[in-house]
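Visitor: Sequence:
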Amino acid sequence: MKLKELERPAVQAWSPASQYPVYLATGTSAQQLDASFSTNGTLEIFEVDFRDPSLDLKHKGVLSASSRFYKLIWGSFGNGLPEGSGIIAGGGDNGLLTLYNVTHILSSGKEPVIAQRQKHTGPVRALDFNPFQANLLASGASDSEIFIWDLNNLNVPMTPGSKSQPPEDIKALAWNRQVQHILSSAHPSGKAVVWDLRKNEPIIKV
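Numbering (my numbering), first residue to last: 6 to 211.
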């Protein structure tokens, strides 16, 4: 049964489970063109009210983005602060990673862009926040490149170990939901790697 509907050539991310009301963020997809053939990027936030029988979503915020998106993820970092609604991380072209303050998007007040970093080579296609430490963000791009970012200090990202060979795009990243220092990566060839950050090396390759 269809509950809600939104027509956008977009990637999307749900707000953290602990947050209410429920929000959905959408970012213009880097891999699609709309009817206008525009190359501009937009980040939007919608409230999802399942008590409302209509298919419509409530538009709550919009922001022009400097890049279209390959991946969006919404983390709870900053939720403990007054009026905190977390952080959205967006992966874009040319190795661009952008962090947005959700509260500032919703209020249309202060500058919503917290930081932009361009350390990666190629599009940033994979992102995941650590479920145990909300300040840790994993990002993956081309050339088997994975970075671990500390949102308290974005100057020098860490790596989980030497790049896997042969070099490939990183298509997906996922932190282990039971062991906080374990991260997995997936590649287009079907290869998967499990990393142990304490050992700074891969422990499983399949």
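Calculated directly from the structure, the hints in this document are not laboratory data.
Each hint should be verified, as a subset may be incorrect.
[As the list claims (entries may be wrong)] Capping the alpha-carbon separation at 30 Å, the derived lysine-lysine pairs in DSBU-like fashion look like this: (1) Lys168 <-> Lys196; (2) Lys168 <-> Lys124; (3) Lys210 <-> Lys124; (4) Lys196 <-> Lys210; (5) Lys176 <-> Lys115; (6) Lys115 <-> Lys168; (7) Lys115 <-> Lys63; (8) Lys124 <-> Lys63; (9) Lys210 <-> Lys176.
[Said to hold, decoys possible] Label-pair restraints from in silico Cβ distances: (10) Pro136 <-> Ser71: 34 to 40 Å; (11) Ser194 <-> Asn157: 21 to 27 Å; (12) Met6 <-> Glu52: 30 to 36 Å; (13) Pro172 <-> Val199: 15 to 21 Å; (14) Gly127 <-> Asn157: 38 to 44 Å; (15) Tyr25 <-> Lys210: 16 to 22 Å; (16) Lys63 <-> Asn181: 43 to 49 Å; (17) Lys115 <-> Asp54: 22 to 28 Å; (18) Asp155 <-> Lys196: 25 to 31 Å; (19) Lys204 <-> Trp19: 31 to 37 Å; (20) Pro172 <-> Ala120: 22 to 28 Å; (21) Asn205 <-> Glu52: 24 to 30 Å; (22) Val118 <-> Ser147: 21 to 27 Å.
For every residue, glycine included, the Cβ atom is placed at its ideal position computed from N, Cα and C.
Visitor: Hint by hint, note whether the structure agrees.
Guide: Each hint, compared with the structure:
1. Lys168 <-> Lys196: Holds, at roughly 13 Å.
2. Lys168 <-> Lys124: holds (15 Å)
3. Lys210 <-> Lys124: holds (25 Å)
4. Lys196 <-> Lys210: holds (7 Å)
5. Lys176 <-> Lys115: violated (33 Å)
6. Lys115 <-> Lys168: violated (39 Å)
7. Lys115 <-> Lys63: holds (22 Å)
8. Lys124 <-> Lys63: violated (35 Å)
9. Lys210 <-> Lys176: holds (15 Å)
10. Pro136 <-> Ser71: 34 to 40 Å: violated (29 Å)
11. Ser194 <-> Asn157: 21 to 27 Å: violated (35 Å)
12. Met6 <-> Glu52: 30 to 36 Å: violated (20 Å)
13. Pro172 <-> Val199: 15 to 21 Å: holds (18 Å)
14. Gly127 <-> Asn157: 38 to 44 Å: Violated, at about 26 Å.
15. Tyr25 <-> Lys210: 16 to 22 Å: Between Tyr25 and Lys210, where Cβ atoms are some 41 Å apart, the hint is violated.
16. Lys63 <-> Asn181: 43 to 49 Å: Violated, at about 35 Å.
17. Lys115 <-> Asp54: 22 to 28 Å: holds (26 Å)
18. Asp155 <-> Lys196: 25 to 31 Å: holds (27 Å)
19. Lys204 <-> Trp19: 31 to 37 Å: The hint (31 to 37 Å, Cβ to Cβ) holds, given that Lys204 and Trp19 are roughly 32 Å apart.
20. Pro172 <-> Ala120: 22 to 28 Å: holds (27 Å)
21. Asn205 <-> Glu52: 24 to 30 Å: violated (42 Å)
22. Val118 <-> Ser147: 21 to 27 Å: Holds: the Cβ-Cβ distance is about 24 Å, inside 21 to 27 Å.
Of the numbered hints stated above, those contradicted by the structure are hints 5, 6, 8, 10, 11, 12, 14, 15, 16 and 21, listed in ascending order.
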